[in-house]
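Hey, can you work out the whole structure from these sequences and the hints?
Number of protein chains: 4
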Amino acid sequence: MNSFGNIFRVNIFGESHGKWVGVTIDGCPAGIDLQESDLQPDLERRKAGAAGTTPRKEDDMPVFVSGVFNNKTTGAPLTIIFENNNTRSGDYEALRDTPRPGHADFVLNKKHNGFNDYRGGGHSSGRLTVALVAAGVVAKKILKGVTINASLSEAGGNTDIEAAINKAIDDQDSIGGIVSCSVKGLPVGIGEPFFNSIESVISHAVFSIPAVKGIEFGSGFNAAKMTGSEHNDALVNDEGKTLTNNAGGINGGISNGNEIYFRVAVKPTSSTPREQHTWNNKSQSIEPFTVKGRHDLCIALRVPVVVEAVTSIALADLLLHHSRLHNQASIT
Amino acid sequence: MNSFGNIFRVNIFGESHGKWVGVTIDGCPAGIDLQESDLQPDLERRKAGAAGTTPRKEDDMPVFVSGVFNNKTTGAPLTIIFENNNTRSGDYEALRDTPRPGHADFVLNKKHNGFNDYRGGGHSSGRLTVALVAAGVVAKKILKGVTINASLSEAGGNTDIEAAINKAIDDQDSIGGIVSCSVKGLPVGIGEPFFNSIESVISHAVFSIPAVKGIEFGSGFNAAKMTGSEHNDALVNDEGKTLTNNAGGINGGISNGNEIYFRVAVKPTSSTPREQHTWNNKSQSIEPFTVKGRHDLCIALRVPVVVEAVTSIALADLLLHHSRLHNQASIT
Amino acid sequence: MNSFGNIFRVNIFGESHGKWVGVTIDGCPAGIDLQESDLQPDLERRKAGAAGTTPRKEDDMPVFVSGVFNNKTTGAPLTIIFENNNTRSGDYEALRDTPRPGHADFVLNKKHNGFNDYRGGGHSSGRLTVALVAAGVVAKKILKGVTINASLSEAGGNTDIEAAINKAIDDQDSIGGIVSCSVKGLPVGIGEPFFNSIESVISHAVFSIPAVKGIEFGSGFNAAKMTGSEHNDALVNDEGKTLTNNAGGINGGISNGNEIYFRVAVKPTSSTPREQHTWNNKSQSIEPFTVKGRHDLCIALRVPVVVEAVTSIALADLLLHHSRLHNQASIT
Amino acid sequence: MNSFGNIFRVNIFGESHGKWVGVTIDGCPAGIDLQESDLQPDLERRKAGAAGTTPRKEDDMPVFVSGVFNNKTTGAPLTIIFENNNTRSGDYEALRDTPRPGHADFVLNKKHNGFNDYRGGGHSSGRLTVALVAAGVVAKKILKGVTINASLSEAGGNTDIEAAINKAIDDQDSIGGIVSCSVKGLPVGIGEPFFNSIESVISHAVFSIPAVKGIEFGSGFNAAKMTGSEHNDALVNDEGKTLTNNAGGINGGISNGNEIYFRVAVKPTSSTPREQHTWNNKSQSIEPFTVKGRHDLCIALRVPVVVEAVTSIALADLLLHHSRLHNQASIT
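Chains as they are written, first to last, in my numbering: chain Y, 309 to 640; chain W, 309 to 640; chain A, 309 to 640; chain P, 309 to 640.
Hints were generated in silico from the structure; no laboratory data involved. There could be a bad hint or two in this list.
Since the list gives no way to pick one copy over another, a pair counts as held whenever it fits inside one copy or between any two copies.
[What the hints assert, rightly or not] In silico lysine to any residue, SDA-like type, Cα no more than 20 Å apart, as pairs: (1) 533 x 352; (2) 590 x 406; (3) 600 x 362; (4) 327 x 372; (5) 365 x 581; (6) 365 x 584; (7) 549 x 584; (8) 549 x 466; (9) 327 x 369; (10) 452 x 569; (11) 549 x 589; (12) 549 x 593; (13) 327 x 368.
Please read these numbers as outputs of a predicted model, since none were measured by experiment.
Below, the structure is given as structure tokens:
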């Protein structure tokens with residue numbers, strides 16, 4: 309299902325080579341300041357252009373279809389679309405017979421009995437993340453007083469990102485990376501033990517980003533090697549401040565008032581310039597394969613703002629869910 | 309929200325020290341063979357009793373409340389409850405003032421304005437996983453032809469699990485571990501790019517298990533250090549078989565017919581026998597703290613069957629969702 | 309799906325002749341006063357005993373399974389069960405071959421391929437409404453300041469209800485009735501034009517009550533015969549008070565601050581003492597049929613409290629949904 | 309929430325005087341033939357133009373944004389938009405101070421703290437039903453073998469519709485009507501006793517259509533005056549055929565294989581040409597009011613195709629939900 313969230317519900321639609329991609333947010337509170345230009349900073353961060361990113365560039369001009377009036381949200385569904393103006397569908401004709409390694413070409417064909425739009429990955433394309441970033445901007449406005457920052461902390465196994473990108477360009481082989489994300493200012497008490505723990509909803513959202521293969525919160529996989537006396541964070545005041553923060557700001561799935569932080573593993577871009585092999589359905593044999601089209605050498609470079617966006621979407625929904633419980637006294 | 313799934317929907321209820329804990333499955337197909345004894349093997353695997361587990365032992369006798377008639381599911385909601393017969397609520401009186409480090413005592417108190425049942429963690433207790441295991445048994449029956457196996461592959465940083473447990477007993481300090489899970493036989497095409505990727509729904513479910521702090525699919529965090537030519541799995545036949553399996557059986561969020569595998573990081577049990585420190589709300593100072601009650605030294609020992617259960621629940625829902633699209637020709 | 313509501317979600321389970329029937333409420337705010345005895349007044353109103361009701365009497369003693377601690381809701385799922393202690397399953401053996409006219413015996417058998425619990429209608433029985441009434445009591449507590457009253461305004465086409473019942477007893481034939489319901493004190497602004505209009509959610513809930521065949525809000529079916537100048541209600545102050553109330557307190561699906569009222573048509577009890585005809589699957593012929601078991605001659609007598617309950621459930625969910633938008637300023 | 313359905317989920321967006329209105333269908337099976345021209349017949353039926361309808365005419369040219377490729381649905385979200393090209397926003401400036409009687413102007417203003425798009429009713433406008441009709445065309449394609457027909461059976465209390473319209477034109481006062489709908493060919497076993505009875509989901513959808521105030525299934529409100537022996541429909545064969553059809557094809561909320569039929573009450577258009585009265589927020593007094601803009605004298609004329617559409621949407625979702633249960637044997 310292409311929707312996420314219970315109260316603040318985000319629906320995305322569109323394909324890599326269709327006319328538009330877009331998003332509808334249902335359940336956005338009325339009265340939030342919003343104009344197209346508010347989206348530009350995050351859209352810019354997602355854009356290609358830097359070394360290691362694809363030469364396919366899109367204008368990414370958001371068009372408000374509904375839900376905004378006089379630069380304020382109205383409380384009605386908020387729909388934003390983006391034109392796809394730089395598509396070269398011819399690049400993808402061959403995919404019908406030779407599914408690209410690492411991509412969803414093969415599985416989508418099987419899943420939809422061959423009716424999927426196979427051009428550029430269709431609906432599964434990273435192009436759709438422009439819609440997530442747009443929704444993320446709105447979500448961040450709901451999360452007043454909360455700051456969410458994600459950045460690429462490692463690429464190709466190297467914390468010197470520039471060096472890693474240069475090496476990938478020299479090697480003409482794509483690379484992966486690690487995105488680190490921090491959330492500060494979230495109140496205590498957001499999230500549920502079952503089934504909507506903060507880790508559950510953030511991971512659900514983050515694994516919707518193409519190329520993500522792992523996530524860990526707080527001490528994460530290191531926790532498995534620690535003892536309880538090392539790992540436990542001692543509470544030191546009434547507000548929940550802890551001496552250490554191995555929990556990553558979350559106990560029992562619920563925010564404890566400390567910084568929430570997590571790390572996300574991004575695999576190397578499936579579309580590497582190197583020659584690979586794949587099955588050819590026509591010739592019924594394994595054949596050498598070289599990817600066509602324009603691609604990112606290190607897609608992880610463009611992922612941080614998307615991680616921020618989906619984290620914001622997930623937390624905005626949990627926060628709105630939470631607020632109705634604690635404002636209950638005043639509801640009538 | 310204490311429910312999970314869209315078509316095969318699992319709802320859990322109960323508290324550590326209440327009369328019963330239980331689960332209702334809504335959307336379970338009719339005609340599945342089911343009797344209480346079918347649940348015993350998985351319930352046994354979850355039980356305490358081995359070295360490194362808690363001395364609190366429960367009978368864990370499932371009682372079918374509804375949804376089963378003549379040893380078959382009826383298509384109506386299936387409710388199963390378990391009596392809590394071995395509770396010592398007195399152990400937990402002190403928690404109101406001194407929240408246990410690593411536990412949800414502090415955040416639940418804040419979240420619910422002090423109205424939560426604080427005894428033994430209340431609704432956030434690991435006791436609730438007995439309900440997940442019960443639902444998992446039903447889910448496994450829906451996943452005909454699919455085998456799901458999870459096991460503890462590492463404890464306290466050691467792959468020799470027995471040695472790790474013995475060391476923890478000697479040290480009198482709790483330890484964490486890594487649970488590895490494998491899914492074989494899932495058809496191609498299950499899952500969605502947005503937002504219900506297989507990784508999304510499994511991680512959502514797995515992070516509902518208390519103490520889980522990380523998850524990685526296929527090559528996982530190692531993928532971040534690999535190149536595209538190393539990481540991509542070459543397709544070698546019409547059915548989607550690949551030469552390597554770095555993708556962990558999933559492309560674009562969708563099953564590709566190969567083995568799905570993932571690893572789960574479990575933190576050390578928060579209730580360690582060692583002395584710790586925490587905030588005392590009464591004295592308004594940081595004080596030494598020693599946990600009371602009966603606890604697991606390595607909770608990770610009891611987690612594998614729970615990982616299997618929630619994975620089965622997540623996949624049963626995706627599979628039932630998938631089936632309605634592909635049997636569309638015959639629906640009328 | 310056996311759940312209703314988005315934030316305040318009610319799940320019911322059980323069968324007419326199983327051990328228990330029950331309800332789980334997920335999303336109930338913490339801190340609401342609740343004890344078993346609070347349920348008695350509404351449970352009494354639903355009970356049989358009066359002239360025209362079934363001789364099958366149940367104790368209807370609610371048992372709190374979870375979600376209540378020290379006579380307050382905890383914020384965790386609230387589960388309440390009722391024992392079925394007055395079942396005579398033998399009465400229903402014959403139903404497998406001769407589906408009762410007006411009942412769901414035939415359709416449930418087809419729907420679930422014969423695996424349904426056919427005793428007394430199984431999960432489709434009016435017995436399940438005891439769970440709805442229990443949930444309604446909790447919902448009413450959330451609707452502080454709102455009063456919901458339903459009563460039987462007509463039975464067998466007669467507004468003198470006692471006379472109508474006496475005639476039915478004399479005739480030994482079951483009768484239907486009209487239940488009228490009024491809601492006062494609901495704030496302005498509850499409900500949505502699409503798709504959760506107040507009419508939509510109340511009708512959704514009310515048509516879950518067995519035997520309901522129609523519903524009309526405000527002027528209802530009479531509106532179809534009126535002109536706009538007759539039907540429109542003139543606004544007369546800032547708070548939304550109107551001179552007339554043909555709208556039944558609802559404009560565009562949203563509460564306007566005036567009394568909400570609606571009428572519900574209840575068909576005659578399907579189990580009439582009179583001889584009827586039905587298909588016999590064994591003999592493959594139409595045969596005379598006389599209903600067995602103990603039944604209500606006018607089920608409509610017991611429906612008003614159930615209408616109140618489901619109306620409360622529907623409105624509590626809408627109200628909690630609404631509150632998160634309008635308290636948005638204070639959420640962080 | 310502006311979405312409806314669980315598996316076949318319809319989301320609508322847009323306002324009366326925005327750029328576009330539209331719909332996204334999530335969960336539409338792949339491989340269904342679909343082109344823009346398929347929508348024309350139903351869109352034409354909804355259009356204004358006949359005597360008694362508004363002079364505001366829209367082209368209603370559907371634009372496929374996503375989810376269709378080579379004239380087939382792809383299995384990805386299907387988004388269709390319609391341009392609003394005949395808006396006169398100036399007509400509505402006055403509404404901020406003088407809410408129109410019978411309309412949602414007052415309640416939307418209160419609900420959204422004045423941030424709603426008040427032009428022409430904004431998101432609550434009947435304009436949105438063009439999106440419902442579009443989704444209905446797709447739903448009808450899923451309901452293969454099922455025929456759904458709705459028509460206006462009564463207007464202004466008169467079954468001679470033409471005479472009723474002429475009288476309304478002469479009187480210069482708007483009128484209401486009754487829409488009757490019939491569903492033939494639906495298989496036995498669709499729907500659930502709780503909470504998704506066929507009556508529940510159809511009424512939920514139908515009460516989303518502006519101006520609807522009542523609905524009755526089968527014998528409906530007449531059932532309240534009947535006896536059980538009159539009302540019960542005798543089963544006469546193995547397939548569920550009944551001698552009479554007072555149940556309107558539904559028992560216990562589930563289809564029984566006979567014709568489903570129901571009647572819908574539509575109130576007179578709130579925008580009547582006659583002078584009315586309303587509250588003026590500026591002058592703080594009750595004042596005479598004459599509606600501006602272009603309006604339907606009998607909106608009920610345009611409602612039948614919308615009733616068909618939402619009925620199709622509701623039944624398509626129930627049918628897809630049902631099919632996964634009964635094809636369970638083949639899912640793996």
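These are the hints, each one checked on the structure:
Taking the shortest Cα distances, residue 533 and residue 352 never come within 20 Å of each other, neither inside one copy (40 Å) nor across copies (26 Å). In this assembly of identical chains, the alpha carbons of residue 590 and residue 406 lie at most 20 Å apart only when taken from the same copy (8 Å versus 58 Å across copies). With identical chains, the CA atoms of residue 600 and residue 362 are at most 20 Å apart within one copy only, with a shortest distance of 12 Å there and 54 Å across copies. In this assembly of identical chains, the alpha carbons of residue 327 and residue 372 lie at most 20 Å apart whether taken from the same copy (16 Å) or from different copies (9 Å).
Within a single copy, residue 365 and residue 581 get their C-alpha atoms as close as 19 Å, which meets the 20 Å cut-off; across copies the closest is 54 Å, which misses it. Proximity of residue 365 and residue 584 under a CA criterion of 20 Å is satisfied in neither setting, with 26 Å inside one chain copy and 55 Å between copies. Within a single copy, residue 549 and residue 584 get their C-alpha atoms only as close as 51 Å, which misses the 20 Å cut-off; across copies the closest is 16 Å, which meets it. Taking the closest pair of Cα atoms, residue 549 and residue 466 never come within 20 Å of each other, the shortest separation being 33 Å inside a single copy and 32 Å across copies.
Taking the closest pair of Cα atoms, residue 327 and residue 369 come within 20 Å of each other both inside a single copy (13 Å) and across two copies (16 Å). Taking the shortest alpha-carbon separations for residue 452 and residue 569, only the intra-copy value of 18 Å comes in at or below 20 Å, while the best inter-copy value is 39 Å. For the homomeric pair residue 549 and residue 589, the shortest alpha-carbon distance between copies (13 Å) is at most 20 Å, but the shortest distance inside one copy (59 Å) is not. In this homomeric assembly, residue 549 and residue 593 come within 20 Å of each other (Cα to Cα) only across copies, at 13 Å, whereas the closest approach inside a single copy is 61 Å.
For the identical chains of this complex, residue 327 and residue 368 are neighbours both inside a copy (13 Å) and across copies (19 Å), given an alpha-carbon limit of 20 Å.
Comparing the model with each numbered hint stated earlier shows that hints 1, 6, 8 do not hold.
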